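Below are the chains, spelled out letter by letter.
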Amino acid sequence: MTDATAAQTSTKRKKRTSWPAEFNALIGLLVLVVLFEVLGWIIKDQSFLFNKLRLSIMILQVSVIGIIAIGVTQVIISGGIDLSGGSIIGATVMIVMSFAQSSIFTRAVYIDQGWVDLPVIIPIVIGLTVGLLCGLTNGILIAYTKIPPFIATLGMMVFARGVAKWYTKGQHISFPTDSFFANGTGMMPVAIFVAVAALFWLILKFTLYGRYTYAIGSYEEAARMSGINVERHLVLVYTIAGSLASLAGLVLASRSLTAQAGMGTMNELDAIAMAVIGGVSLSGGRGEIIGTSIGMLIFGVIISGFIFLSLDAYYQEMVKGVIIVAAVVLDVHRQKRRAMEA
Amino acid sequence: MNVVEEQTANRTRAQGQDLVTKWLSSGTQFDAVIANNDEMAIGAVQASQAAGISMDDVIVGGVDATQDALISMQQGGMDLTIFQDAYGQGEGSIDTALRIIAGEDVDQTVFIPFQLVTMDNIGDFLSKN
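As they're listed, the protein sequences go chains X and U. Heads up: the first sequence runs through residues 1 to 342, numbered per the numbering used here. Heads up: the second sequence runs through residues 1 to 129, numbered per the numbering used here.
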């Protein structure tokens with residue numbers, strides 16, 4: 001190859017790899033939307049997208065998992081992983097519901113102690129504390145005992161699910177007060193997701209916390225040597241992830257008006273998938289909240305689209321799996337290219 | 001009977017609610033919703049009510065006869081459920097095991113008779129599950 005051609009090829013390569021991963025995700029989203037829209041007209045003779053009720057349910061359904069995904073995004077950026085989100089939801093909903101019950105239900109959990117009709121702030125604070133404690137435990141284990149995040153959060157996943165099942169010996173809890181229900185009505189879950197996403201977008205982009213997170217994820221030793229207290233920061237990251245998971249649980253409980261020990265199962269995997277599809281790199285140091293949000297929308301479109309076309313829901317799972325793997329393959333490929341450039 | 005839609009809602013109330021809302025948003029017409037457990041059935045009731053459909057126009061059926069379902073029936077939401085007879089199932093399994101030990105022939109699948117719960121006999125089931 002002559003020098004001229006070599007220079008040409010390397011500029012061409014540079015142009016392609018400067019596309020952010022989030023852009024690929026956005027394109028994927030648009031492709032899916034157009035696909036379902038077209039199929040909708042062919043098969044169902046109606047529009048997929050231009051239907052207000054469907055759009056709102058689409059976003060509503062995924063925004064609970066989206067809240068976990070925000071927490072998981074910053075964990076993955078810091079170079080770790082968090083598998084406990086779904087189980088934290090389970091433990092949170094059970095504990096929160098037991099304190100949010102209305103006295104009209106004569107078999108309320110704490111009716112003998114008189115802890116019914118409590119002001120809604122009490123179950124909310126209790127719920128967030130549950131997630132905070134779980135996340136704190138994860139963070140301390142990971143930062144100070146140095147066990148891999150996969151193992152620590154896996155342990156929490158199993159433990160928290162156990163707490164959820166043990167709490168009422170498997171009985172589910174219902175009949176919350178009206179004020180508790182208010183948190184889950186209408187588009188509140190979406191509003192909460194948007195607020196959380198916007199907040200963390202700001203934090204990751206403009207604060208020291210954000211920069212430290214990216215630094216630790218890119219190269220932990222270098223971050224440590226530049227004076228960042230890596231251990232303390234990691235504890236904070238996982239605590240926040242746990243708290244966000246419990247926030248998701250609070251929203252889910254208000255929406256469902258019930259708490260079951262199995263709630264949230266597998267949600268952490270969906271959350272991680274949303275982040276990965278949105279361009280967050282599993283090797284750390286790279287990713288954006290906007291990417292995760294696009295990943296969440298992609299999930300929403302797939303779930304809604306399949307139901308809209310009356311396709312068997314089980315195909316959904318297979319398609320999700322393929323998309324996740326494809327997204328990671330693309331990510332690894334783009335990283336190899338970047339490494340070759342450098 | 002004409003089945004217009006069939007999907008899973010993974011046994012949870014929220015998913016059942018979202019599913020029925022999606023069907024309603026597509027303009028699907030139905031006279032009855034049958035769910036394989038009470039949680040999804042209650043979700044269907046919530047979705048229908050939120051969409052302004054009168055519960056007199058839709059029959060909603062579930063399985064389990066949980067406390068939540070019985071209260072929903074009393075409030076006019078769900079119309080029927082099937083009693084999940086844990087005691088009967090336990091008893092039936094032990095009986096079958098004893099018969100196998102005694103050398104008798106037993107069926108591959110042993111059915112415990114189901115009990116339909118409607119507003120007529122709801123009183124019998126209020127304290128059971």
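Do not take every clue at face value.
[To be verified] Restricting the straight-line Cα-Cα distance to at most 30 Å, the calculated cross-link-like pairs of lysine-lysine (DSBU-like) are:
id, chain 1, residue 1, chain 2, residue 2
1, X, K44, X, K205
2, X, K320, X, K52
3, X, K205, U, K128
4, X, K205, X, K146
5, U, K128, X, K146
[To be verified] Here are the in silico distance ranges between beta carbons for each label pair:
id, chain 1, residue 1, chain 2, residue 2, range
6, U, V4, X, I104, 54 to 64 Å
7, U, T28, X, L269, 26 to 36 Å
8, U, I100, X, P119, 55 to 65 Å
[Stated by the list, open to error] Here chain X is said to cover these stretches of chain U; the calculated rule only asks that three of the stretch's residues, wherever they fall, bring their Cβ under 8 Å from a Cβ of chain X:
id, segment
9, 1-10
10, 19-28
Quick caveat, the hints were computed from the structure, so don't treat them as lab data. From a predicted model like this one, the values you see are computed outputs, not experimental measurements. Positions of the beta carbon are idealized from the N, C-alpha and C atoms, including for glycine.
### Task
Hint by hint, work out which the structure violates, then give me just those numbers in ascending order.
Numbers 1, 3, 5, 6 - these are the hints that the structure violates, sorted from lowest upward.
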